[in-house]
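Engineer: As a plain string of letters, each chain reads:
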Amino acid sequence: ETGVTQSPTHLIKTRGQQVTLRCSSQSGHNTVSWYQQALGQGPQFIFQYYREEENGRGNFPPRFSGLQFPNYSSELNVNALELDDSALYLCASSWAGGEDGYTFGSGTRLTVV
Amino acid sequence: GENVEQHPSTLSVQEGDSAVIKCTYSDSASNYFPWYKQELGKGPQLIIDIRSNVGEKKDQRIAVTLNKTAKHFSLHITETQPEDSAVYFCAAIPNTGNQFYFGTGTSLTVIP
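Going line by line, the protein sequences match chains G and H. If you count the first sequence from 1, you need to add 10 to reach the numbering used here. If you count the second sequence from 1, you need to add 11 to reach the numbering used here.
If we strip away everything but chain G, and leave its shape as in the complex, we get (with noise of 0.2 Å):
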């Protein structure tokens, strides 16, 4: 059974720009989850798809979008970035809802200059 993986595992950014980070979900999870953490921080939400739709939304601006493929898996994209975007920011994929856990991927660590 595979893990979730996420790439790229770093990048940097130039303020304004675009970004699009990519998710493989874990073998038979049907949900993903994207959270933003900063540093010292725990994560938070910024949105979930599940059947290649968004089923919820976390408190950031519509700049963050994102998308599921037929296949599981996802990608956030991130448009004029901002300074405190800088964060790590992780995926989750879990059965359904996610009630019973998800499991992480290991993170893109993005840094806008």
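There may be inaccurate statements among the hints.
To be verified - In silico DSSO-like pairs for lysine-lysine, Cα to Cα no more than 30 Å straight-line:
hint: 1; chain 1: H; residue 1: Lys69; chain 2: H; residue 2: Lys79
hint: 2; chain 1: G; residue 1: Lys23; chain 2: H; residue 2: Lys79
hint: 3; chain 1: H; residue 1: Lys53; chain 2: H; residue 2: Lys68
hint: 4; chain 1: G; residue 1: Lys23; chain 2: H; residue 2: Lys69
To be verified - These stretches of chain G come out as covered by chain H in the derived footprint (C-beta under 8 Å, 3 or more residues):
hint: 5; stretch: 27-37
hint: 6; stretch: 63-72
hint: 7; stretch: 112-123
Derived by calculation from the structure, the hints in this document are not laboratory data. Just so it is clear, the structure is predicted and the values come from calculations on it, not from any experiment. Where a beta carbon is used, it is the ideal one built from N, C-alpha and C, also for glycine.
Given the coordinates of chain G, assemble chain H onto it according to the supplied hints.
Structural biologist: Structure of chain H alone, referenced to chain G:
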């Protein structure tokens, strides 16, 4: 929405001693409480969880207790080992939603 508070933010214990991390939550509708361990450079890893219909759960050296009335839950690690050193996060999920609300984390250091 749910608000999860976690204490302490840092904790140092001697190898072999016990460690306790406490969390409180605000939403009485929360019914699932996982604990995650995050090592440097890695994503959080689920170590134990508890549901609202259970008061205590154990898995070898790790145990979690839940007090629904007081809205708090705790992680207990006994016979700590240096490899237990990591950041630990508690979380809560309301039965009305699908997002996990995480605490701010506890950095545990086990001194050999």
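Engineer: All the hints need checking, so say for each whether the structure fits it.
Structural biologist: Going down the list of hints, with the structure as the test:
1. H:Lys69 to H:Lys79: This hinted pair holds, its Cα atoms lying about 18 Å apart.
2. G:Lys23 to H:Lys79: Violated, at about 45 Å.
3. H:Lys53 to H:Lys68: At roughly 26 Å apart (the allowed maximum being 30 Å), H:Lys68 and H:Lys53 satisfy the hint.
4. G:Lys23 to H:Lys69: violated (44 Å)
5. 27-37: violated (count 0)
6. 63-72: holds (count 3)
7. 112-123: With 6 residues closer than 8 Å to chain H, the stretch 112-123 of chain G meets the three-residue bar; holds.
Checked against the numbered hints given earlier, the structure breaks hints 2, 4 and 5 and satisfies all the rest.
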